[in-house]
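Engineer: Chain by chain, the residues:
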Amino acid sequence: MKQKILANAEIAAIVLIGFIALITGGWSVLILTVVAGALVGAAAPPNRAGVLRALIVGALTALIIVAVTFLHNAYITQLPKQDAIPVGALQPTTYGLALLLGIVVAVLVAALRAHPNKQRGRTGLLILVLFFAVIFPFFEQSVQLFWANAVIVSMIFTLQALGLNIVAGYAGLLDLGYVAFFAIGGYTIAFLNSPQFNLNVSFWLIIWIAAAAAALFGFILGAPVIPLRGDYLAIVTLGFGEIVPIVFKNLEAVKIHEPVTAIFAALFNKPEWVRCLVGCTEPVNITNGTQGITPIGRPELFGVKFMTGQYIPWYFLILAMLLLSVFFISRLRSSRIGRAWVAMREDELAATSMGVNIVRTKLTAFILGAMFSGFAGAFYGSYVSFISPDAFDFSISVIVLCMVILGGTGSITGVILGGLIIKMSDLLFLDKFQTVLGGVLQATIFQSVKSQAMTNFLESLFNASQYKLLLFGLILVLMMRFRPQGLVPSASEDAIT
Amino acid sequence: MLQVKDVHTYYGNIHALKGISLNVNQGEVVTLIGSNGAGKTTTLRTIQGLLRPRTGSITLNGEELTQVPAHLITTKGLSQSPEGRLIFTRMTVLENLEMGAFARSDKDGIQRDLERVFTTFPRLKERVKQRAGTLSGGEQQMLAMGRALMSNPKVLLLDEPSMGLAPILVEQIFDIIRELNQQGTTILLVEQNAQAALQVAHRAYVLETGKITISGDAKELLEDPRVIEAYLGL
Ligand SMILES: Nc1ncnc2c1ncn2[C@@H]1O[C@H](COP(=O)(O)OP(=O)(O)OP(=O)(O)O)[C@@H](O)[C@H]1O
Ligand SMILES: [Mg+2]
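Residue numbers (the numbering used here), protein chains in the order written: chain S, 1 to 497; chain V, 1 to 234.
Okay, chain V solo, but in the shape it has when bound (with noise of 0.2 Å):
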């Protein structure tokens, strides 16, 4: 589904992403687990078109992203809770969601997405009309996810959903990522936490200083003894 191929991607002349090739199917949990500075922001960010790659090809259903102007990424099926969350802390909670479907014009799909957002979220429902920037740490992860799905996206970016969270919550929200999955949503997951990543994913991929190291089966990347070593920390 989304296919990302051979990607090269600089800030200036520093050299962040040496060559990605991914690849996330229908229905699938991908993550993308690595060290601090290892790229995966920056992945994210060039899939979503906030950077330019200056080599390789980025696909979703076979239509090349890499050329399509950053504001028109998310009409094509991609939307992302960006790492730090940088929800608009002056708008309400429902000023926020909106903004999510910005790109859209189907009034009854908005409809249908919000009352999705607010099964999903009940703690958001109940805060309708409070100030976003007034949310609490894990409210306000819980608002940077539902407003990525705003947009009804088919592939849904994830960057360190469960950052500076509370262990209770953290586990809270990668109940919600497995029960967005089991929902139909294609996720493609970024974290440092990797031992709570590598279980909820399907399939995973280890990314070192802009390259990708290890790839395979979540479970089997579990037991793999440079992963333990290396992000597991056992």
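Bound-form chain S, shown alone (with noise of 0.2 Å):
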């Protein structure tokens, strides 16, 4: 068999990544390479031959960013409707700097991961990763790349993919409505802190209410529908997916009446018998419609505020949430019931002989799935500020699945990288990306267009934000059909327990 120069995988880190240094430019340069930096170390084999490879296939890819990254700076900022980035900042140091972080991070990734101890090798990776990843929002900020809020977005996105992780990935369970605990939590922590009802919660509690709501609700739905067999649940998740927003849209005019007059009253036609229970003298606006909820309380933590657009104080509370989240999950796993989960997915039957309580052991995934969503929910209230039954739409589900199989079902690394993948593609570069054709197409086809009817029918015809879920379903098909296992199998991490 011929040796390939480059694996599959690193041609498609190179192709994608080259293609966000493309539309993005300016100083996401420094970002971009030590992101495929990792990336390269992440994906050699852990030996010294590996560290030799990150080496060399690191420097090439940095290689390729920079000058992609020079290609936008030079031409296409030069194009009609671009954003304006402070390029001139950009001196040939940045360039060279980026293309020595990115062959540093590849190599030390390598190595790390090669290191006869691998206890400390992974000791060292943390590190590295939490490095990056304290210096990042300070970064952003002061080269203003505008980052900020489709990073912590997607982040609380990721949280609510590591949950579902549990539910699809651990539990093999399918559930195509786990937006409804995302808004369960949303809306528990606008009644609980917002005008809306006048209450003041401390945000600290509430997140932990919002987390138990989500699992009550997890529990009652999954009680009755778990111990029966096949695609009952995601039937099931799916319609509750969809009932939940509705039922928040329609609980702004609440009048109830007490049933027993009111069948008496219907019987004998006199409707002075009706004797009304709640919303009386007005009807009792519970949700606000449409109009959604705002302003939502914030958390307060040794004296900082967190406030809107003041990101640093929201990207390390988030980041630590994660972290913390992260390390739950991974005890979680190698604990009795992370066992039963690994067990019951490869055979059922052996499971039971063992002694796992089937039916159990997926309720148990199920709610703390429905838990993490619940959880995320609040946070993205609180950040947001704004909670209104359009957020909670079907593609939430969808968005969440996606970022759980591409990313590698069942495999903590892989799902929050494809979390982050899928969440600033669409919060982020699909715009970009749109912000770039646009120009491209101003400066050649429509100048030649005339019409004006024509023009708006050209832009939006190739509106890439409008494709959004297109896009994401043919990622769904394609991983389906090329790599089921995802981005990074999680056999890869069966062995570490």
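Some hints here could point you the wrong way.
Stated by the list, open to error - Lysine-lysine pairs mimicking DSS-like chemistry, simulated, CA-CA at most 30 Å apart:
| no. | chain 1 | residue 1 | chain 2 | residue 2 |
| --- | --- | --- | --- | --- |
| 1 | V | Lys154 | V | Lys18 |
| 2 | V | Lys107 | V | Lys125 |
| 3 | V | Lys211 | V | Lys5 |
| 4 | V | Lys154 | S | Lys118 |
| 5 | V | Lys5 | S | Lys118 |
| 6 | V | Lys129 | V | Lys154 |
| 7 | V | Lys107 | V | Lys129 |
| 8 | V | Lys154 | V | Lys211 |
| 9 | V | Lys18 | S | Lys118 |
Read the hints as simulated data drawn from the structure, not as lab findings.
Because the structure is a prediction, the values reported are computed rather than measured.
Starting from two chains that each stand alone, build the complex the way the hints lay out.
Structural biologist: Encoded structure:
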């Protein structure tokens, strides 16, 4: 067999990150070379030859990214309708630094993975990741990259994806209405800390209430359905995911009659008999309907107030939550229930004979997943400070499922990667792509098109953001066809425990 | 010890077991032989609680098992090395063995049984950290048996432990069955390899399309012309 110079994964990483560099340009080059370096280092085999390989492939990758960024800064910024990027600040030294960082990170990651003492190697990797995670927001702010919001929302969604990974990845259950629990979490904080009911419960208490509320609904939904075989759970959760936002939408003018008197009143045609219970003088507005609830309370910690537009505290808060979740989930995985999940997914009959209670094991996973989603929902509500039913439509369930499948069902690293890729594309890269595409079209075709109507039509035809869901659907199909185990197969994590 | 009385099991409308009765006494190796599709696996699965009999009773030391939830059967003292082994391929050898003791909480007892499994199957001890899916067929069979032993069962159920193994390994597996029995394990052995099974067993039952047709002393069955013609192929 012919030896391939680059592995498929490396080519995919180079193409993807190269493309992002092409559409974002500017200072993002420093972030992109570091990310690419980390991926190249992680993809190399964990031995001496792997380190050498990481050096070569890392250098090549970083070079490509730097070259592409240069292309962007030199040409794409000249196109009409582009965002103004402070390119002037980008000196040749910046490119050199990006190149160097990419190579160093690639080699460092590969070397740490090849470290003879596995425990130490892993600690080293963790420190490296944390180092970049900590400096990222300060760098982002000082060069005005405007990525912070997208990164924070992506991390909230990744928190959700980690929860869905327990349900779909560990227990093998298909939950198509995962957004419902996210909505329950979001509305919990909206009820308990907003002008809606004039309540002001502490944020730190609410996140647990939100998680508990979502878990309770998970139990109510899962307990009767999970013992049934087959696809019932998928259908029921699909319905639940649709119903929950509609219920929140409609609870804006609630008036409840006492049912017995209502029946007699109808029978004897005497409307004055009806006794009213709730909302008699004026219907009660619980959720404020499609208008939604705003503003929602913000946390406060050690005197630091979390506010709109001040991203750094939020970033660190959610980063901490993410790390805590990863720690919790990996502990869970090597615990008794984690073993039961792995055994059950391999063979339910064999697991049963060992003493695993299949129904209870699945239900636990389902409830834990719901809990994570509720937790993430509370963060989301507080962060955007605005909750409405539209924020929780079916597409969110699909996107989160997409994150899990793209990253690798059952793999924590994979799901984090998938979550960040998908949500960052959703919030940032697709729009950037749209801007660049718009510029290119303006400079080429649109110049020759005279009619305004035609231009409008073409503009909307080439609107990438419109194709978002199509794109995510396509990713799902392609992954299922060509790499069903995801970007980071979970098998690579099993051996750890 | 283990008593199966007039058990009828169905797969939907298919009447797979048509009134099976058998018993296994303390310290015995009893074998259940029969051709493909006779219902041997179905019998073991019914005993294990994985299938529910429509009528009939299954008792272990007098305790009725047919109403016990499937995942609790192992705590009553039954465990099985299933047909096709069904080891957990993504777990290591050690993790598989630990799964065998999933329902137990007596740490000392588990440790003792782990040592015992390693003495019986030294090959497994050499490979504790290896992913079970990468074991050879013979090693996987040993792992399935070792995993079943980890629950310290009163009766060990073995479903075709020699399936798909080279002759030399088959011999080794039967030696181990004999050895386990000499150490005091009671065994119900399902086999296609009637010759070898009848040689290790004390008593035997012959199963044909869901019914027991012949039963008796294993040595006598080895000489029974009906058995010789149908199952020993001499
Ligand atoms: N899940 C099932 N659904 C329907 N019929 C089944 C099922 N499993 C087994 N059967 C049928 O029940 C009968 C007994 O099967 P069983 O697996 O118990 O046979 P066996 O004696 O173990 O055969 P073998 O020696 O080939 O393993 C067969 O006719 C088989 O087709
Ligand atoms: Mg069988």
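Engineer: Which numbered hints turn out to be false for this structure?
Structural biologist: Failing hints, ascending: 4, 5, 9.
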